[in-house]
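Participant: Now for the letters of each chain:
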Amino acid sequence: MSLDTVQSAQTTPDRIQPFAELGLKPEEYARIREILGRRPTSSELAMYSVMWSEHCSYKSSKVHLRQFGEKAPHSDALLVGIGENAGVVDVGQGYAVTFKIESHNHPSFVEPYQGAATGVGGIVRDILTMGARPIAVMDPLRFGPADAPDTRRVLPGVVAGIGGYGNCLGLPNIGGEIVFDETYAGNPLVNALCIGVMRHEQIKLAKASGAGNLVVLFGARTGGDGIGGVSVLASETFGADGPAKRPSVQVGDPFAEKVLIECSLEIFAEDLVVGIQDLGGAGLSCATSELASAGTGGMLVALDDVPLRDPSLSPEEILMSESQERMCAIVEPSKIARFLEICQKWDVTATVIGEVTDGNRLVITWHGEVIVEVPPRTVAHEGPVYNRPLAKPAYVDRVAREILELPLPSDSEALKEAIYKLISSPNMADKSWVTSQYDKYVQGNTIQSQPEDSGMIRIDEQTHLGVAVSTDANASWSYLNPYEGAKLALAEAARNIATAGARPLAVTNCLNFGSPEDPGVMWQFAETVRGLADGCLEMGLPVTGGNVSFYNQTGEVAILPTPIIGVLGVIQDVRARTPMSHSAGDLEIYLLGKTEQDFAGSEWAYLHHQRGGVAPTSDLKKEMRLIELLLEGQEIFEAAHDVSQGGVAVTMCEMVLRNKIGATINLVDDAAVALFSETPGRVIVVVDPRNSERLVELAKKFEIELTELGRTGGALLRINEIEIPLAELDLAYTSTFPRLFG
Amino acid sequence: MTELTGPTNTTKVVVDVMLKPEILDPQGQAVSAALPRLGFNFASSVRQGKRFEIEVEGEVTVEKLAEITKAAETLLANPVIETFVVKVEN
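First to last, the protein sequences are chains H and U.
Okay, so the first sequence: first residue is 53 according to the numbering used here, each after it adds one.
Okay, so the second sequence: first residue is 502 according to the numbering used here, each after it adds one.
Here chain U stands alone, though its shape is the one from the complex (with noise of 0.2 Å):
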């Protein structure tokens, strides 16, 4: 399936940033006891984290997946108590 996402010739770059397991999610929590509150008992556990969609113009380079991954280790996500994945979707 192909088919455009804006009206140059963008690609998407996703970046997904988690909590480390290790550190206290309250978010999660509140969801995680939020879920048999309201009839879904299917959950042991909830982490929450979040997603940044990134629009690129033209091809992904090496060089500008470096820029994206330093911007996401500066911004989008603190290293100290997160960790992140960056990827390319097509």
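The following block holds chain H by itself, in its conformation from the complex (with noise of 0.2 Å):
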């Protein structure tokens, strides 16, 4: 085929184009030909095609998420918000942590190890443009069922993928989570995060400005990853035969990404860049286009100077392809040389591909002719926004009403058989099988990580100043009702921040979700955001940015509304932090909060197949007094662990499972509700006995119910009558994930 120019569309306005076969809608192809008064050229359909996709566009969440921006809280931390690569949030000492968390789960369905693995690298690159070191990564995981066929094909790999890039590039994994259920087969969800510091004055912009600043690639060639990839595959849902047009997959380099990341970041000390964006979901078409937009608006690029790895790719396929480890900078002429240099050194390809002009065009020539020539925001941040129908699905007001009948066992033989069945179900059962893959101590400063409550790092030597992270997310209390779902999930974060000492400070998101098209799951999505969105209000903290996953669904079945929900918060001095476990007898046991009778969307209905009743509701006034408490008791606190899923027997459990030190548990009242119903807002506190006075001063204080639950010591877990043996007990933790995984 011939080139198709800019000329050559104005003299041939009729030729037929493959909009559709792109994924362009007839009514987006018609405004892209009012846009630019003709029809597009190939290569710039191709941009639009890329750009306008739901997964870069944002176009059907868009008018939703606005309410992010719209009910933000005030907050003196937040020095980055949402827009850029990812949001910064002021830590105090001069430190600036950011953190984004985003979504790779088509590219991992296809292929588990480089989907996942390349999904560690995107987030990575994303924490890196903003100009900080990336210091840390976790992974969120929902799969199908344990036991499916599938999910031993994907699970290995992905976990495999995030292990192999995350180690080779020198990247702790602190957390995540692991969640089984029915509705992800054939739509695992591998969400990706990433945190990264620097000081407040590194921080650097995704924007192009100053005509005559060079724009330079440098990093990795470009080959034919991917292309199409974020259009066809992450807009579109998966048939019976798997994806229609299964693209080439993108295969991730570790060590380039490291060589990368040391590259960028000593570019970025003597200050050589304007703006920096790097290349992840769209490619080049999204690099230029948003680097442009956001700076005067104008750039001219020779697409014929962009180093390849395959020299017969087209125009068209360099503009789309997703080849991984590739960032854009903005350099001014002066300064090139240094840049160069310092590329040199590390042995990354660098190559100047074009120059910011004057004007608000965005051109691209091939071999001298122009092949695109478009106003960059209408690429970039002007595409279709759609008011998606919504509607409450009929399920809802359905399993509402549905009257949940669920054993309660009442003696103790039946008591210890339910707790043993809780403990090695897999949603339950130990994860160490798959984080003992994950490098979680390299470089030295990983405080506490899975299984404890949060991951946590210091960023201080000095000072132990830290961070710690935690993500959450409830599918089935959202399934029921999406809007506590997302208000209790964001608590849940917060509490598991809060039970290690450090203060919550900011929020990132990843909204996995079936089809936009159904109105049923915009109407879960719009219900989500406005939840997450008056939860943030309520407790005080900003949205920094997140991600929207669209398409999780298998013909008519969409995934549980998943909205995963990461907090960040800080912690003064890491060596003082409070870990979920005991690590002596004799102290005492309490419980902070009220239990209540609820079992809807808990793991002990999950375990009797039962996914209906009403929600919890959440009482965020209550979680901040909560968290309040924890804080600023912290010192008298041996030991504080989250109560969630699988209610206080299964945060016991894994209290004295930690360090093997037992426990004795007097419950008053019906024990079964009191070890597995799943109130919200509750969490297990352990204190020397000269303490306890100053705990009951504190609930007092902070208005939150106290209940001594017992003592710590022995080699029992004892419950009332109950004896379970810790070794008996370790047994049936840790042997679920063997026995499925090998």
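Hints were generated in silico from the structure; no laboratory data involved.
Only true hints are included.
Derived lysine-lysine pairs resembling DSS-like cross-links, with alpha carbons at most 30 Å apart: (1) Lys551/U to Lys588/U; (2) Lys521/U to Lys310/H; (3) Lys551/U to Lys310/H; (4) Lys483/H to Lys646/H; (5) Lys646/H to Lys712/H; (6) Lys712/H to Lys483/H.
Taking the hints as your guide, dock the two standalone chains into a single complex.
Facilitator: This is the structure:
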């Protein structure tokens, strides 16, 4: 096919173009023609199609996501908000921390290892782009049933991919979650979070300003990786025969990324860039249009100067390629020599491919001929916006009326059996089969990681300042009530930070849903965003950014609405953090918060194949008081552990197994409810008997119910008359994953 | 030349696995970059694959070959990113 230039587009206005195959709707194609005043060239069509895809344009979610701005609480900590590659928060002592979570769900289903690996690579580059040194990663994961054959293909591949990439980069993996449910069969969720740290003055932004400044592409050469990946792969539902168009899979090269990180940080340290952007989804189309759009508006790029791995690539393919480990920088001409020198030192390919221009046109040439001439804002920021129809799905009211029929064990033997059943179920069982494949302590600053409530990293070795991050979602609650589900996930993530003694500061999120073209899914999404925005406003926590992943469904079956909420907090001295478990006997165990009959969406209900009833309602004012209690009383807590999935039973099992020190618990009320109910807003704390009075005072001050549960010590978990030897409990807890995955 | 390869009469089947040409090959790139450092300047590009040598009892029938091909698809190669060739060696 001959080169399709702007000139030929003007002379052949009626050429039939494959916009539908590229995922564009007829009206979207018509709008492109209207913007340009002519038909787009094939290169322009490629750019618009990837940038206007759901994944890049947020066209279905934008109208809802605005609430994060409109309802944003005042926060002095927020240095960079939504809209940049990642949000940045002030954590004190001149440090700024950036964190963000993104999905790599569809690629991880097609090719689990590489999909998960490049998911880590992508989020790490986003963090790097802000000027920060990446310091840790986390991975919330969702899979189909643990014993399903496809889970045995996907899970080991995903875990190996995350470990392979992260370990090679030398980044500790400090947490995440693994949850199994039928709805994720064929739609695993692989979300990746990265945390980075920098000094305030080192923050970098993605903008191309200053006419005459140079556009430099550096990092890996461009190949045919993931072409059409963004528009076709991330925005189209898989049919029964797998993906309709299987694009070439992106393969990650973590060693190239490591070199790119060090090279970029050296370039940043010498202040050699005006703006910077990483190349992820939509590759050069995205980087050039976003940089130009956020800057003065004009850019001229010679596409034939892009260094290629595969010389046969067409200009359209180069624009759409998603080759990994690439960055795009805007550099002043006086600094380019030094820039290229540093790249050469690190053996990183760097090429000047264009310059910033006056005016508001992004012009791309191919061997001197103009193949793209567009207003960059129309590509990057002014894509289509849909107010998609939404309707409360019929199931919501139906399941709310369902009366749960759950066996609630009453005698000791049945209670003991129930505890074993719960603790050995794939969702509750020990995850070290997975987390031991990740390097958790590389760099030497990991204070805590899985199975603790949150991951914690020291960021200053002199002052011991640190940050903690937790990610949480309870998709069953979100299914029953997406508004409350989002608030409850937010509260849980914040609580998981506070149990260690860190103060919650900011929120990121990855909203995983089915097809936005389904009004029911759209309603779930809208309710989730409303809940999260209201919750963040109430708790005074700004949303710093996030990611939306739609089309997670197979045929008619959508995944459970899964809003993964990440909360970041700061701790002044990591040495003082509170662990999740006691390390001595003869300490007193207390429950903070009140236990109600909350079985809707619980693990106990899930184990009995029931997902109905009314989800708990959040009380964020109380959650905030609980957090304040945990922070104010931090010095008296020998241990603090969040009570969530699996209730007090699972929380206590995890605590006694962590250090293999038992406990004796006395429950006065209905033992089954006390053990298995999942009422939110509860934490189990352990204190020295000398401090129990102080705890009573704190509970009174913050108006949180306090119940004495028992004492630590011994080699048993003793609950009323039930006696469970720790060795037996440990076996039940730790043998599930090896049995399932080898 | 005739040579017995094992105690019994076996046939060698070779499965050669290569990354598809459009897929990035970091190992091949590393080799390609190392060659000139060692003074070998002949290569413009290197791609690295893997080779399986499978000893099969007795004669390799069409059915056995089909089974080996199935195994190659399932375990030896990842057909999403790799191609493979099954050959019977004499």
